[in-house]
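J.: Sequence:
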Amino acid sequence: MKSPVGWLLLSAVPLVIGTVAAIVLRLAYPDVLVRFITTPAGLALGVGAAITGIAVIWVVAARRSAQRRYALLVSGAEQARIEHQEFLARLDHELKNPLTAIRAALAAHGTEGSPHLEIADSQAQRLGSLVGDLRKLSGLQSQELECEPVDLGEVVGEATEAVNTSLRQRGSSREFTVDFPTVPWRVPPIEGDSDLLYLAVFNLLANAAKFTGEGDCVEVRAGEVHGRVWLEVADTGIGIPAEDLPHVWSELARGSNARGISGSGLGLPLVKVVIERHGGRVSVRSREGEGTAVRIELPVKHPTLELHGAGVPR
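Sequential numbering from 5 applies to the sequence shown in the numbering used here.
Source of the hints: derived by calculation from the structure; they are not laboratory data.
On a predicted model such as this, the values are computed, not experimentally measured, just so you know.
In this text, a Cβ means the ideal position worked out from N, Cα and C, and glycines have one as well.
Watch out, some of these pointers could steer you wrong.
[Stated by the list, open to error] Straight-line C-alpha distance at most 30 Å; calculated BS3-like pairs for lysine-lysine:
{"hint": "1", "residue 1": "LYS140", "residue 2": "LYS305"}
{"hint": "2", "residue 1": "LYS214", "residue 2": "LYS140"}
{"hint": "3", "residue 1": "LYS214", "residue 2": "LYS100"}
{"hint": "4", "residue 1": "LYS140", "residue 2": "LYS100"}
[Stated by the list, open to error] Computed spacing ranges between beta-carbons, pair by pair:
{"hint": "5", "residue 1": "GLU179", "residue 2": "SER146", "range": "33 to 43 Å"}
{"hint": "6", "residue 1": "ALA109", "residue 2": "ARG263", "range": "40 to 50 Å"}
{"hint": "7", "residue 1": "SER266", "residue 2": "ALA111", "range": "34 to 44 Å"}
{"hint": "8", "residue 1": "PRO153", "residue 2": "ASN261", "range": "37 to 47 Å"}
{"hint": "9", "residue 1": "ARG190", "residue 2": "GLN83", "range": "37 to 47 Å"}
{"hint": "10", "residue 1": "PRO245", "residue 2": "PRO193", "range": "35 to 45 Å"}
{"hint": "11", "residue 1": "TYR74", "residue 2": "ASP220", "range": "43 to 53 Å"}
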């Protein structure tokens with residue numbers, strides 16, 4: 005019986021039976037008096053039973069109230085997420101045409117030799133990319149995961165090569181050191197979405213490369229403990245100021261010492277979303293002027309294949 009009305013009627017059955025019995029006994033024995041005699045111990049027991057009954061009723065009512073509040077909170081959070089996605093989609097749509105027109109006009113005019121026009125063109129491109137990345141980040145929170153066994157060593161290898169290629173194209177380089185243990189056993193594969201995990205690892209490596217310079221080192225370490233695989237990307241870059249560390253997983257947040265370095269502030273938030281959607285967690289350690297280490301942890305076995313659902317470049 006799932007209907008609240010049904011439960012109410014069922015709970016009233018003892019009261020109805022007692023009432024009927026009282027009427028019948030009253031009519032059958034109108035002159036019979038029953039005197040109840042009790043001891044102090046019996047009285048205490050009766051009072052305790054009554055208080056217990058009241059407490060049980062209060063606990064049940066409080067639990068139902070908490071369940072209703074939780075349902076409202078979950079519903080409100082889901083509604084806020086949907087509204088956020090819709091806003092970003094509208095923003096992307098509304099800005100796309102004006103930004104395209106601006107860049108087309110600048111291209112027709114020619115930006116070579118004019119620093120101001122070059123800045124205007126690069127900023128228009130940056131704004132378009134920023135809005136698109138925000139929309140992509142929001143979409144990751146509800147994107148269906150295509151789970152399969154994933155070898156993190158292979159993912160790191162592919163992402164490292166991609167970052168190195170990008171650096172070479174810009175005439176730069178970094179020293180990447182990858183340490184995946186092979187004895188006494190290898191790091192086990194995890195169950196997850198290979199494309200999203202690659203995106204997360206690539207962002208970690210690209211972030212490390214962005215905030216380091218020539219001669220700096222980037223180390224990638226991994227291991228397994230208690231059924232969870234961990235991966236850490238550490239660098240000897242500019243580090244994150246202590247006052248900025250609490251905000252590194254927030255969208256668009258950037259370190260106060262990263263003003264002159266290009267970036268959107270979406271790299272680590274994206275990492276956080278991907279890892280948490282896989283049932284994992286993220287953490288960061290950093291010292292300004294010395295370097296940063298970002299660590300992700302993932303369960304070897306995905307807790308569920310039906311998941312529904314971040315630091316930022318410093």
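J.: Would you list, in rising numerical order, the hints stated earlier that this structure does not obey?
T.: As far as the earlier hints go, 6, 7 are violated by this structure, in ascending order.
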